[in-house]
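Here's the letter readout for the chains.
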Amino acid sequence: MNETTPSDKHVKESTITMDAGEMRCDAAASSSPSPDPSCTVRAPIGLLAELTHRCPLQCPYCSNPLDLEKVNTELSTEEWQKVMRQAAQLGILQVHLSGGEPTARRDLEEIIKTAAEAGLYTNLITAAVLLKRDRLEKLKEAGLDHVQISIQDVDTAAENADRIGGYKGGSAKKKEVAGWVRELGMPLTINAPIHRHNVHNVEAIINYAVELGAGRVEIAHVQYYAWALKNRSSLMPTREAFMEAARIVERERERLKGIIVIDAVVPDYYAKFPKPCMGGWAKSIINITPSGRVLPCHAAESITHLQFDNVKDRTLADIWLNGSAFNMYRGTSWMKEPCRTCPRREIDFGGCRCQAFALTGDAANTDPACSLSPMHEEWAKVADVESHQPSPAFVYRRPGGATTKRSVEEKLEPSDA
Amino acid sequence: MGDTAPRQRAIITVASKPVMPPYIKMRHDAGRNRWLILAPERLFDPDQIAVEILKLCDGQRTVADIVAVMAKEYNAPTEEIEADIVAMFQDLADKGVVKA
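These protein sequence lines are chains L and A, in that order.
The first sequence lines up with residues 1 to 417 when you count with the numbering used here.
The second sequence lines up with residues 1001 to 1100 when you count with the numbering used here.
None of these hints come from the bench; they were simulated from the model.
Take the hints with a grain of salt, since some may be wrong.
Said to hold, decoys possible - With a cut-off of at most 27 angstroms between alpha-carbon atoms, the simulated DSSO-like pairs for lysine-lysine come out as follows:
no.	chain 1	residue 1	chain 2	residue 2
1	L	LYS257	A	LYS1072
2	L	LYS272	L	LYS312
3	L	LYS9	A	LYS1099
4	L	LYS82	L	LYS70
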């Protein structure tokens, strides 16, 4: 009621996306006091359903695992429908239908219909190149709420975009589908993974998203896991390029207020603090792979000693509450120093478990993205060095592609262990 | 293409007629015993006042109409709550939760 009143005092906002760096879930916690977050298990709010690992694109930063699941292991229509009903019962609010390319599943309509009937808010995360207009209409009729289309670059740089995605004609096709989404009155998000081959175009990408009629654009700096980690030396932007992109985002966010919402995901190699990965391990998000394996995050299978349950064997609620992988790093009691006594331990949860495991060999260690990690300096140096070297050819994301080219990346050693 | 996309920021005044588009879904969550607004990859947490205000948004009522209803209901002076309600709608319009 006065000028200092925050404009959001009556309606607080939080994000339900799967971009690890962006994940916030404060709203879900706001109504219930949780005296000891380390032992409180609350209902998850988001489900990332990777319906298939098939994809016509071959983006070298794909977040799918290097070992892609095969079509003959995918869950059936009925199994996915059962998952959607169980997810809604468990309290999940939004489902992100993803992949691979989710529209490669011919039963997507049936899965969406069941999800919508169960009360889930449905987001389609698509590369769009397989969509025809009548299919999109059918998905809408089935109850689809929102479409997110990924782009690799702007339409005037279609050749670059198609080279990055490894799919000729992709850029033009995506533009066409984006038009259909808007014609059908559906909300559109443009997701632009950012790296050294398009970081110079961030301003143009934002303007392109406005032109396409998007209500949101995600300037999503690549997160370096899986295929992106394999291609890190090809993809890592320089710190200077990143900083310039960040300035542009801030400026455009102000200029385009009320026209488009700009969400930004920063690369943690250049961040001050580690990201609160997934908003905390097993705190608000469930990920299910095409074959039904239930993960606390989409990269969790990279932590090789974890064991994952399958929706074919146990209910989603049982897995969420009792699954060993979910309980392993839930809360804060698993932490070692310096995380254990850190005042930020419930802000960033020590960063990312998968990154800690990949780079230190122990997932309970502090993520090297944190300045308190003994490996931090050396780790941060890697980005600086790689980003100033010539970009090697992409290792494109395709079945078996990870093992055929380029040697594995070297492991970091602690700088002052 | 893009006809329905906002080209200009909607500035909320007392004459605006705010409405939530069909893909913005406000509902009561029984398990959590609270109201929620579901939006594309977003979750909004409205308080009781916001829920009452948003229920009045039908694209016909103006902000002034809504202020009048709320003033009566809460027995509060119009001028005191008007700025608060306009600010709330402006914030929600900027976030795409209401169109006006």
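Item to check | Violating hint indices (sorted, rising) | outcome: 1 and 2
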